[in-house]
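Dock chain B against the given chain A, drawing on the hints supplied.
The chain contents come next:
There are 2 protein chains.
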Amino acid sequence: MPYFDAASSAPLHPIARQALLAALDEGWADPARLYREGRRARLLLDAARETTAELVGCRPDELVFTPSGTRAVHDGIAGALKARRRAGRHLVVSSVEHSAVLHSAEAHGAAGGDRAAGSDGAVAGDAGGDVTYVPVDRGGRVAPGAYAAALRADTALACLQSANHEVGTEQPVAEAAEECRAAGVPLLVDAAQSLGWGPVAGPWSLLAASAHKWGGPPGVGLLAVRKGTRFAPAGPADEREAGRAPGFENIPAIVATAASLRAVRAEAAAEGARLRALVDRIRARVPETVPDVEVVGDPERRLPHLVTFSCLYVDGEALLHALDRAGFSVSSGSSCTSSTLTPSHVLGAMGVLSEGNVRVSLPPGTSADEVEGFLRALPDAVAGVRAELGAPARGAAEEAPAAGETVVDALGRRCPVPVIELAKVFDRVPVGGTVLVLSDDEAARLDIPAWCEMRGQEYVGEEPAAGGGTGYRVRRTS
Amino acid sequence: MPYFDAASSAPLHPIARQALLAALDEGWADPARLYREGRRARLLLDAARETTAELVGCRPDELVFTPSGTRAVHDGIAGALKARRRAGRHLVVSSVEHSAVLHSAEAHGAAGGDRAAGSDGAVAGDAGGDVTYVPVDRGGRVAPGAYAAALRADTALACLQSANHEVGTEQPVAEAAEECRAAGVPLLVDAAQSLGWGPVAGPWSLLAASAHKWGGPPGVGLLAVRKGTRFAPAGPADEREAGRAPGFENIPAIVATAASLRAVRAEAAAEGARLRALVDRIRARVPETVPDVEVVGDPERRLPHLVTFSCLYVDGEALLHALDRAGFSVSSGSSCTSSTLTPSHVLGAMGVLSEGNVRVSLPPGTSADEVEGFLRALPDAVAGVRAELGAPARGAAEEAPAAGETVVDALGRRCPVPVIELAKVFDRVPVGGTVLVLSDDEAARLDIPAWCEMRGQEYVGEEPAAGGGTGYRVRRTS
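As given, the protein sequences belong to chains A and B, one line each in that order.
Yeah, the first sequence ends on 478 if you go by UniProt numbering, and it's all consecutive.
Yeah, the second sequence ends on 478 if you go by UniProt numbering, and it's all consecutive.
The shape of chain A in the complex, shown without the other chains (with noise of 0.2 Å):
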């Protein structure tokens, strides 16, 4: 039964596995104490610290574990915009980081580090900050300079990730760093999808990463502070891990994420190619085995487990659903699951199409054959999905063309249904005609004019329509 969603949690390494067992009987005590028990968990903490330091790039006092990449990034960026308030409130971070990064940008603007208010009646503490959210191409990347045009001279942090969670392509950190560095800036590197195939590059000052990501044990984030950046943690002090993440120690589980990232480092290389041979193949058959499907994230420069594309006129919950049927284990960044209404932001940045998204990413030991038998379900699994929803088959349409505008209603519809009644009018459209598509469905903002996009048709522009949604204006033009 393949696994194929790595860049949400990794199985457990064989080595983090044993790791964990083995320092569950050694590692448990408090590593403050000056008995035996104390003074062994302290050596174990120490030893895993040397070992994850290495690996990361940094000295081991420049290194804390936290109870996980979402704490390491939360309490990463509070602690940088903390210590730099007099430099001033404005932050940069990319338009696809992970939520995690974001959310902490949103609380940063609403309220200087707290959360918005909300009905409970709690009140902001403070003057909000400045957020700038850099963009990104197509392809999910930001542009060269494109960081050392956000600086200002009141930033105090700037936020970049090594690769995207959702696309997989590969940000140019080092040289955003190199553009920080020179305006006296730091930035956060949120690498939680990189950390296992290498360290990142260039001048960064702080670095966020999870464990459980490249197939260490939960509950264990990395935050790094290089020396010389200015870091204040938020919150209640604490005496441990250098007064930045509070909280007895997990020893046994920080043990196995040294070894774990030492072991998984170790495979990188072989593996990492190995990977993207198959992921290649993912990239190159699904356009010709499934009709209307868009490759997205950039096709060089990315991780090399993963790969992400889109289906017209599916619900990508309903796919993912018919996938698991079929025996594999894939996500989605798509807006057509029951956990949000709105599309992913990352393929919202990059302008792409959002619906029927479906995520791929090879954990380490994917076999060429789980590829193979992933590339022969996914053809039905697709076909199902848009029979159940009526979705149209190309020239379908025998109708005469209507005369003037055609207004497709799909007020109350959700994605990918205002895509799918676009597409069954439009070849009743004449060459030059226009649709109106009424829609009160998020996701149509982006995937109207993805769908043009792909069709190579004229995305006209919105306006708003009566009965409360939004009127998405489409010109044949061929």
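These aren't lab readings, by the way, just hints derived from the structure by calculation.
Accuracy of the hints is not assured; some may be wrong.
With the Cβ distance kept under 8 Å, some of the chain B side facing chain A (calculated, not the full set) [claimed, not checked]:
#1 PRO11
#2 GLY69
#3 ASP238
Glycine included, every Cβ here is placed at the ideal spot set by N, Cα and C.
Quick look at chain B alone, frame taken from chain A:
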């Protein structure tokens, strides 16, 4: 090799180990995902929450898992204070809370939930809150009615531990919770030391605990927020754990938490009675076999497995080392440890001797033989440390009584030297005469009055002394 520091961290319970191992294989995936591995993880998480909530005495949807007890306390206090900002900024805590609570109180007092400005140039975010520290009696217990008396119209939150971590004294939590409820103020109970022994009684509003304290795994804390309690999570948003505990769920450890809590609860009545008898034995024997010792903490209303005593004329750190060499791992709240130069705030609030402090906390399964071995080893260990420090034997002074006031200059000398020097001269002082001890060690402020109490002599008071220290005056009354 007996380990007697369960109150710091208990060795992993065999059931916890077993559950952790099983859940490593089944619970590593993201429980928010729709595929089978995610559904399996979700089932494990839900089941663990059900089990744990029942043992805590709350509903499953009132309980979230945090990365540690410290984080449960920090985030619980911050969230409760934030939600009740309109009610006011006043916080009530007992003076013997764990540092996790006190550091939260300090952060609130300094800067409204933000740590005080440091040398890094950071500035406070907004006006500080107001904190009331409720005193305790000589047994370490808050008085009935003390919380009711401390509450004000602008009190946002009150916090009280279920039992003290240093001396084992149980607090009147149910009574305090009633007092708070009557005033419409939520009470947060830090149940870290007691939850393995039983649920916390009374109408508390929030409860925090830590799994590794009862033999569960490291990396898991509990935060319960009862329905009807206002709560506004501080910090960046995160959708997991009801928005109250950011970060990827550590499901294997959470499963082990539930299983181990159930296991220790099943053994709690019998094991508690057995350990209580062993602690009674220590409480009785130590004063018989070790001269100049004070057993501290409430003798009856206490945790079953924990006893603390302080030894006059003893350097606590040296005593811990001596006991470690003799094969016994015990802890200390003493001022005389390497990690801090200030006396234990708990012993200070109780007004008892802090020097030569030893905390014995027996893990489940401790045998009577191990305790007898400790009782045999202790007198020599204490005598050895005293001999090295040149502590006085009673009645050893041979010189003639000095006329007028005797001045002991202990400036620059660390605890327990000032008390040793006092004792050395005291037998030469005539009844009615006084000794002025000059000291710049903070512990002297606690230990000289405590010495007077133990010796039945009069502590007159303190005054500033030349040379930057303080003069502590003692009158010989017998």
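Problem set entry | Interface hint compliance - GLY69(B) to chain A, C-beta minimum distance less than 8 Å | This hint holds: GLY69(B) lies near chain A, its Cβ roughly 7 Å from the closest one there, short of 8 Å.
Exercise. Does the interface hint hold: is PRO11(B) within less than 8 Å of chain A, judged Cβ to Cβ?
Worked result: 6 Å, holds
For this session: Tell me if ASP238(B) is really an interface residue toward chain A, meaning its C-beta lies closer than 8 Å to one of theirs.
Result: Holds. Min distance 6 Å.
When held up to the earlier numbered hints, the structure conflicts with none and fits them all.
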